[in-house]
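FYI, in mature numbering (1 follows the signal peptide of the UniProt record, and there is no 0) the residues of the sequence shown are -20 to -1, 1 to 356.
Think of the hints as simulated: they come from the structure by calculation, not from any bench.
Backbone N, C-alpha and C fix where the C-beta goes; we use that ideal spot for every residue, glycine too.
Hints should not be assumed to be uniformly reliable.
Straight line, CA to CA, 20 Å or less: simulated SDA-like cross-link-like pairs of lysine to any residue [what the hints assert, rightly or not]:
#1 K327 <-> Y294
#2 K54 <-> N276
#3 K352 <-> Y294
#4 K116 <-> M183
#5 K337 <-> A292
#6 K307 <-> S264
#7 K134 <-> D355
#8 K101 <-> S151
#9 K277 <-> G322
#10 K327 <-> R342
#11 K307 <-> R342
#12 K101 <-> N164
#13 K101 <-> K185
#14 K116 <-> I61
#15 K341 <-> I61
#16 K307 <-> N276
#17 K134 <-> P64
#18 K341 <-> R63
#19 K54 <-> K277
#20 K54 <-> K101
#21 K116 <-> N164
#22 K337 <-> Q291
#23 K337 <-> N276
#24 K337 <-> R295
#25 K337 <-> D355
#26 K337 <-> R63
#27 K337 <-> Q56
#28 K277 <-> K337
#29 K116 <-> K185
#30 K101 <-> I61
#31 K54 <-> G156
#32 K192 <-> K277
#33 K277 <-> N254
#34 K274 <-> A243
#35 K192 <-> H119
#36 K274 <-> L259
#37 K341 <-> S264
What follows is a list of derived Cβ distance ranges for each label pair [what the hints assert, rightly or not]:
#38 E113 <-> G309: 19 to 27 Å
#39 S168 <-> T349: 26 to 34 Å
#40 T181 <-> H48: 22 to 30 Å
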Amino acid sequence: MLKLSLLVTSLAFMVSTASITTSCQKAQLANGPEEGKNTATVNAKPKPTPVPVWYISDLALIYQGGIHRLPWTKDQLTPYIYRPAATGGIEWLFDGFLFIEFTDGMGHEYAEGYEPTPAGKTEWQWLLDRNFESGKALHALDDVLDSLAQLNIKPVRKRKVVLTLPEPIRSLSNWGELNGKTLNFADSADRVAACNWFIETAMAKWQAANFKHIELSGFYWVAEQNTGAVEILPAVANILHNKQQRFYWIPYYGAAGAANWQAMGFDIAYQQPNYFFDLSSPYSILTGAINFAKTNKMALEMEFDDRLMTQAGYRQKYTDYINEFDKAGAWANLPIAYYEGGGAWLKMSLSTDPEIKGLVKRLSDIIVTRQKAADH
């Protein structure tokens, strides 16, 4: 059985010292009284308290924005939000949604190494407009939850959203104009200024959208290694923290800087195992990534895509993740991000294949249990 104190205590160990202290009362109780606190009060039987306001137990990666992606309508997002309960009603699934994008599908990249041309201000604005498009993505997520609210079905905690922060790629000499100046990303100050513009623009759009059931938790650094931005990341983190936002990162296994994620200002980092993607990948990649995450106080990423719909080898890898995460105590103790290839969970949820339905049920059961723990 999951214990919420374990989940929250683990998170307290992982968050960066740069984090704003909205930290968790439960972590304080689990770890002992803070210096200068009234120990009689702290050691008293704790009253039920909520998890940290920004805590995400299960973060779904929603690949959205580029023209090659799903539009992410209400119907497409619904299987990520809840499942029908066997006894009637519903059970909650993912409590966090990372709207992630690397390219616009038209030749521009939001992180180095994906397309020929770095995205400029026009493409950065375009991505935000796609995130906030009526009836899709963010609005669709809120609309599903609003439809449930009309039936008096509401989660204990609002669902959290993390938005992609594009990487200001050094080779771009003309990002666009800001305050009468053309930004050149050879200049670190210009790179930070562009990030600040994006964050402020996104937060203004969020406020204007007046969502009822979702909260903006923070921003995701889309580059999966730090080689292109190590000199600006602390400044970007400071901008976010001053705006009461959190900074998220999901480095690939072996990425430069992964072990130093806290020093760069990230509030939480999820380690990618990268075991799923090649059938020839040795099992040691999975266990090695889990051990690396444990050593460096990181969370973990569950990984799969729709190849498991047709290939038994990928179904086995999916099962391997579940089993090894269980052995390592990850399901009981860590926040988890979920890479699913941009729609695999939707396809799996609609499948009538008994084997696929079994895979969905097994992971859903885990997520539902984790959600119930996070709610109490």
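Hints versus structure:
1. K327 <-> Y294: Measuring from Cα to Cα gives roughly 15 Å; hence the hint holds.
2. K54 <-> N276: violated (38 Å)
3. K352 <-> Y294: Distance ~29 Å between K352 and Y294 Cα, so the pair is violated.
4. K116 <-> M183: This hinted pair holds, its Cα atoms lying about 18 Å apart.
5. K337 <-> A292: holds (14 Å)
6. K307 <-> S264: holds (14 Å)
7. K134 <-> D355: It holds: about 12 Å lies between the C-alpha atoms, which stays within 20 Å.
8. K101 <-> S151: holds (14 Å)
9. K277 <-> G322: The hint is violated at about 27 Å.
10. K327 <-> R342: holds (16 Å)
11. K307 <-> R342: Holds - the C-alpha atoms of R342 and K307 are around 16 Å apart, at most 20 Å.
12. K101 <-> N164: holds (11 Å)
13. K101 <-> K185: holds (16 Å)
14. K116 <-> I61: holds (15 Å)
15. K341 <-> I61: holds (14 Å)
16. K307 <-> N276: holds (18 Å)
17. K134 <-> P64: holds (14 Å)
18. K341 <-> R63: Holds, at roughly 10 Å.
19. K54 <-> K277: violated (36 Å)
20. K54 <-> K101: violated (29 Å)
21. K116 <-> N164: violated (33 Å)
22. K337 <-> Q291: At roughly 15 Å apart (the allowed maximum being 20 Å), Q291 and K337 satisfy the hint.
23. K337 <-> N276: violated (35 Å)
24. K337 <-> R295: holds (12 Å)
25. K337 <-> D355: Violated. K337 to D355 sits at ~26 Å, over the 20 Å cutoff.
26. K337 <-> R63: Distance of about 12 Å is within 20 Å: holds.
27. K337 <-> Q56: Roughly 17 Å separates the two Cα atoms, so the pair holds.
28. K277 <-> K337: violated (33 Å)
29. K116 <-> K185: Since the Cα atoms of K116 and K185 sit roughly 15 Å apart, the hinted pair holds (cutoff 20 Å).
30. K101 <-> I61: violated (32 Å)
31. K54 <-> G156: Distance of about 34 Å is beyond 20 Å: violated.
32. K192 <-> K277: violated (34 Å)
33. K277 <-> N254: holds (18 Å)
34. K274 <-> A243: holds (17 Å)
35. K192 <-> H119: holds (10 Å)
36. K274 <-> L259: violated (25 Å)
37. K341 <-> S264: violated (27 Å)
38. E113 <-> G309: 19 to 27 Å: violated (40 Å)
39. S168 <-> T349: 26 to 34 Å: violated (45 Å)
40. T181 <-> H48: 22 to 30 Å: Hint holds: Cβ distance 24 Å, inside 22 to 30 Å.
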